[in-house]
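Each chain, written out:
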Amino acid sequence: MDGAAILERLRARLGSSVIETHAQHDDHTAVIDRAALPASLSLCRDDADLGFDILMDLTAVDYQKFPGREDGPRFEVVYHLYSLRWNHRVRIKVRVDEDDAVVPTAVPLWPIADWFEREVWDMFGVRFEGHPDLRRLLMYEEFVGHPLRKDYPINRRQPLIGPRI
Amino acid sequence: MAETTRREIMLGEGSGTGTGQNLTVGMGPAHPAMHGIIRILAEIDGEIIRKADVEIGYLHRAFEKDCEVGGWNNAIPYTDRLNYVSPLINNFAYANAVEKLLGIDVTERCKYIRTIMSEISRVCDHLTCVGASAMELGAFTVFLYMIKAREFLWELIEDVTGARLTISYGRVGGVRADLPDGFEARVRAAFKQTREVLDEVHRLLTGNRIFMDRMVGVGALSREETIGYAITGPLLRAVGVGYDVRRASPHWAYDRVEWEVPTQKDGDNYSRYLVRMAEMEQSMRIAEQALATIPGGPINVDFQGRPIDPDTYVDLGKQGKTEGLLLLPITLSPNLQGQNRTALERVTAHDKRVVLPPKETAYGSIEGLMNHFMLIMEGYGIRPPQGEAYFASEGANGELGFYVVSDGGDRPYRVRCRPPCLPPMAALHRMIEGEMIADLIPTFGSVNMIGGELDR
Chain D
532 MDGAAILERL RARLGSSVIE THAQHDDHTA VIDRAALPAS LSLCRDDADL
582 GFDILMDLTA VDYQKFPGRE DGPRFEVVYH LYSLRWNHRV RIKVRVDEDD
632 AVVPTAVPLW PIADWFEREV WDMFGVRFEG HPDLRRLLMY EEFVGHPLRK
682 DYPINRRQPL IGPRI
Chain H
1389 MAETTRREIM LGEGSGTGTG QNLTVGMGPA HPAMHGIIRI LAEIDGEIIR
1439 KADVEIGYLH RAFEKDCEVG GWNNAIPYTD RLNYVSPLIN NFAYANAVEK
1489 LLGIDVTERC KYIRTIMSEI SRVCDHLTCV GASAMELGAF TVFLYMIKAR
1539 EFLWELIEDV TGARLTISYG RVGGVRADLP DGFEARVRAA FKQTREVLDE
1589 VHRLLTGNRI FMDRMVGVGA LSREETIGYA ITGPLLRAVG VGYDVRRASP
1639 HWAYDRVEWE VPTQKDGDNY SRYLVRMAEM EQSMRIAEQA LATIPGGPIN
1689 VDFQGRPIDP DTYVDLGKQG KTEGLLLLPI TLSPNLQGQN RTALERVTAH
1739 DKRVVLPPKE TAYGSIEGLM NHFMLIMEGY GIRPPQGEAY FASEGANGEL
1789 GFYVVSDGGD RPYRVRCRPP CLPPMAALHR MIEGEMIADL IPTFGSVNMI
1839 GGELDR
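Chains as they are written, first to last, in our numbering: chain D, 532 to 696; chain H, 1389 to 1844.
Quick caveat, the hints were computed from the structure, so don't treat them as lab data.
Be careful, since some hints might not be right.
[Unchecked claim] With a cut-off of at most 16 Å between alpha-carbon atoms, the simulated EDC-like pairs for lysine to aspartate or glutamate come out as follows:
| id | chain 1 | residue 1 | chain 2 | residue 2 |
| --- | --- | --- | --- | --- |
| 1 | D | 681 | H | 1454 |
| 2 | D | 596 | H | 1798 |
| 3 | H | 1580 | H | 1669 |
| 4 | D | 596 | D | 629 |
| 5 | D | 681 | D | 602 |
| 6 | D | 596 | H | 1795 |
| 7 | D | 624 | D | 558 |
| 8 | D | 596 | H | 1456 |
| 9 | D | 681 | H | 1452 |
| 10 | H | 1453 | D | 682 |
| 11 | D | 681 | H | 1456 |
| 12 | D | 596 | D | 628 |
| 13 | H | 1653 | H | 1613 |
| 14 | H | 1653 | H | 1612 |
| 15 | D | 681 | H | 1795 |
| 16 | H | 1580 | H | 1676 |
| 17 | H | 1536 | H | 1584 |
| 18 | H | 1536 | H | 1587 |
| 19 | D | 681 | D | 601 |
[Claimed, not checked] Per the computed footprint, the stretches of chain H lying under chain D, defined by three or more beta-carbons under 8 Å from a beta-carbon of chain D, are:
| id | region |
| --- | --- |
| 20 | 1437-1450 |
| 21 | 1607-1617 |
| 22 | 1784-1796 |
Computed from a prediction, not measured in an experiment: that's the story for all the values here.
Ideal Cβ positions, reconstructed from N, Cα and C, are used throughout, including at glycine.
Whenever a hint applies, use it, and build me the whole structure from the sequences.
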């Protein structure tokens, strides 16, 4: 399946849950409604023709200071999927607002989502509903704030905490 | 309960009665037997690890945040420090992601240079990994031999980039400098020596009873779990999946050389060792073929005349004596002291939005000077159009991906590095649970954790 066919399949199966699609720089991308995310990811993994068996990457982008998108949903959670069987890729995105930054977890589908989601929580403060153990991954528990948010100043210092005993 | 390990079967040790209280021990973050800063909290029953939790983040340096405050090229030195054993691959993968965003293509010669240098780096990385894991099992000789071989290769890297570790050799749109004269002969000589070392190591380790007892059947992960944990690279190929980014989506010159993707089927530490050993040979094959067929690229020799050295050229330009200067040929000295026009044209894209003009052009013509300013001044520089791009390259540990987002400005809006050794670390607890504490060491070694890219 080429990228256009993948997006076509997603649109056919998910209907209006696919908010928009694009194929910028040949990276085929679908923006999905949050409510349909678990269904979409299951479809991507389990549909025989899609067969996305690897969650290659999961990250987020804070669009707070992006020209033209200051008022839109603040965060985009980005899933990069890859299919070993078909050797194709797709990017799935979900938009969430700052005051409701919650996304359903993908841990039941791919165990790697555990750490990736912990990192996104750590860095962006996006919560993953249903995650078994949503702790910070890279920063320490006492750290205040989420460093990759655009309103977190790069020069802010926080006290170093010694090892927990 | 975990299954009995091969070692228990061999030594007849019991797996514990389960009546006693388990003990929780913390290994790391600074532990003499671990070559990386992580903390493993292990719940042990006798010598068997029942449950483990891996804590990372001790080397977090805010790579992704730092990238957002400088220009697009300013992130290149930071990428050196992701996987510091094979920094060239990071350089090139990041540069290529930005190029994808800009929609530009680098010169053919540059593609070959990236291929060759990436493969040399990959051999360095595998040598370090295999050598260090062997040392942790007591085979200190192997470590010394392999570091010796790595030294041959690092000398090559030093020849080309001028540095050994923090090389910063990639550029958006090309590479910093051309390959030096006589490089091919030196590579062949270094590969010959490396092959001798690999042969020696094969005779020392492959089939060695002590080594195999520690490696065979230890730290194994099933094919399903490996895929579920998004593990790529040698660990995925060790369970029999021949996925390699260089083969699946060929970039640079990988589709123009002949090579194989080595696989094993057991998924244990020994299979990973064998995959890495086989990959080093394949990497050397790729580099040799690419060196043999590297295209020359355009060199402008459009008139007769005595070449002048770059320093004199720059001096003349600074004094304003620019008449006819652009037509003068410049003595080729593709080292890092002075860029020169012809060498730079071979290895960088012909795109004025991205590539700094050679010093001779910047000083010798007003167009060159303006071009230089436009790339250096704050608020100008490289400005990819708004959008996003993901580029994956095969790092030494697996798929190294860069996801870059541009808001149309001169700074990256977001740079995300998909670190190849994070997924295996996320799965490390699955590899060590049910095994003995001593088995943690070879398993951790075979994962080849690189703190720089794991914690970013």
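- Item | Unsatisfied constraints (hint numbers, rising) | Checked against the structure, no hint fails, so every one of them is satisfied.
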